[in-house]
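There are 2 protein chains.
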Amino acid sequence: MERLSGELAQMCAASETAMSDATEALLDVSLAAAERAIGSTDELDRAAAEWERSAFSLLALQSPVAYDLRFVVGGLRVVADVQRMGGLAVHVAKITRLRHPDHVVPEVVRDLFTRMGEVADRQAAESVETLRQLDPERAEALLHGDEAMDELHAELLATAQSEEWRYGVQAAVDLTLLGRFYERFCDHTVEIGRRVIWIETGVAPS
Amino acid sequence: MERLSGELAQMCAASETAMSDATEALLDVSLAAAERAIGSTDELDRAAAEWERSAFSLLALQSPVAYDLRFVVGGLRVVADVQRMGGLAVHVAKITRLRHPDHVVPEVVRDLFTRMGEVADRQAAESVETLRQLDPERAEALLHGDEAMDELHAELLATAQSEEWRYGVQAAVDLTLLGRFYERFCDHTVEIGRRVIWIETGVAPS
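Here the protein sequences come in this chain order: B and R.
For reference, each letter of the first sequence is one residue, going 1 to 206 in full-length UniProt numbering.
For reference, each letter of the second sequence is one residue, going 1 to 206 in full-length UniProt numbering.
Warning: the hint list may mix true and false statements.
As the list claims (entries may be wrong) - Footprint (simulated), chain B over chain R, 3 or more residues, beta carbon under 8 Å:
(1) 59-67
(2) 71-85
(3) 154-167
(4) 173-180
The set of hints was computed from the structure by calculation and includes no laboratory data.
Cβ atoms here follow ideal geometry from the backbone N, Cα and C, with glycine treated the same way.
Use the sequences and the hints to build the structure in full.
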């Protein structure tokens, strides 16, 4: 069980690294960073499938109840969240690669994307610690981490849709997708927080 | 167990209806249809939470193994997919409501969205039947249903990003998000197919 908990944290750390690579790729127009993010997905998918198999064996052979059962059932959802976070990092990196050597992020929203990257990174790092410690108080803090991201995302859409937008439709479409990927990444960290609270307390946060 | 399987199909049918309402809202600029889609989410979330509780009780009290355990574990993932499909329908409906009484979909991509709505509806209807019958052959057919959607989605992005785009940035941003919501909706039906195959055969499709 301890091994399974450590593995969840490890997978989450891998998706944190993937997103931070993807953000670096985006802001520094770095193909190397993009390839790192894209290349990380196979290992994450493999680890997630392996985790599911272990969880299934544990359910079949040990018939856990109470806390242990919540950990396994909750963990199955967390694995899905973490895997999806890695997938979203890959989506971000692929847009950078598609447009390379052009910049995807115009100067006017560079600061916004820097902050979106920071929020994503902070939430992912907090998710890793929350999973490592299975700490419901840390998990509680995760629940509100998406608010900062939602504000940044709304600001991004408003900027791209404003009369003053000078960067054309292609850039606006790319940025809309990117914004959505960061927002969803963050949503999954909130879900991880909710699941850890449920595992630890038996009560789903409303 | 039969009850749980029927409930999965029922929830999936609810998300199918929500998406078909959302598509109607979008194409007919119908606020009533948008409100129907948006209003359906509470019941779906309640049913999904209830399903999870039943599955947890079943694991705790009956310690199922083999097929029965696969059904419950796979079902927990299917519930998440179905719930998310409902959420995506709500996102589509909310864009319609936000822009009402303006059209969101310009004439040039109306046919594209009609077809995206049809693919989403067909995949969702097939998912309902697959869940009702737990039929791995039906599930197999679901696996390729996202290809048609991916093509339509690529065509939409290419249209919005082309030199000939005459509908401005705001419309392009809205359509980018809408396209993404339809594409993700379809991805979840593929996931349902994969899960049903795993439940029935014990082997995850590659």
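Results of checking the hints against the structure:
By the rule of at least three residues with a Cβ nearer than 8 Å to a Cβ of chain B, the coverage given for the region 59-67 of chain R holds, with 5 such residues. Here's how the region 71-85 of chain R fares: 4 of its residues keep a CB closer than 8 Å to some CB of chain B, so the rule of at least three is met and the hint holds. Only residues whose C-beta sits within less than 8 Å of a C-beta in chain B count toward coverage, and the region 154-167 of chain R has 4 of them, enough to reach three; the restraint holds. Given a C-beta distance limit of less than 8 Å, the hint that chain B covers the region 173-180 of chain R holds, as 4 residues qualify and 3 suffice.
The earlier numbered hints are all upheld by this structure, with none contradicted.
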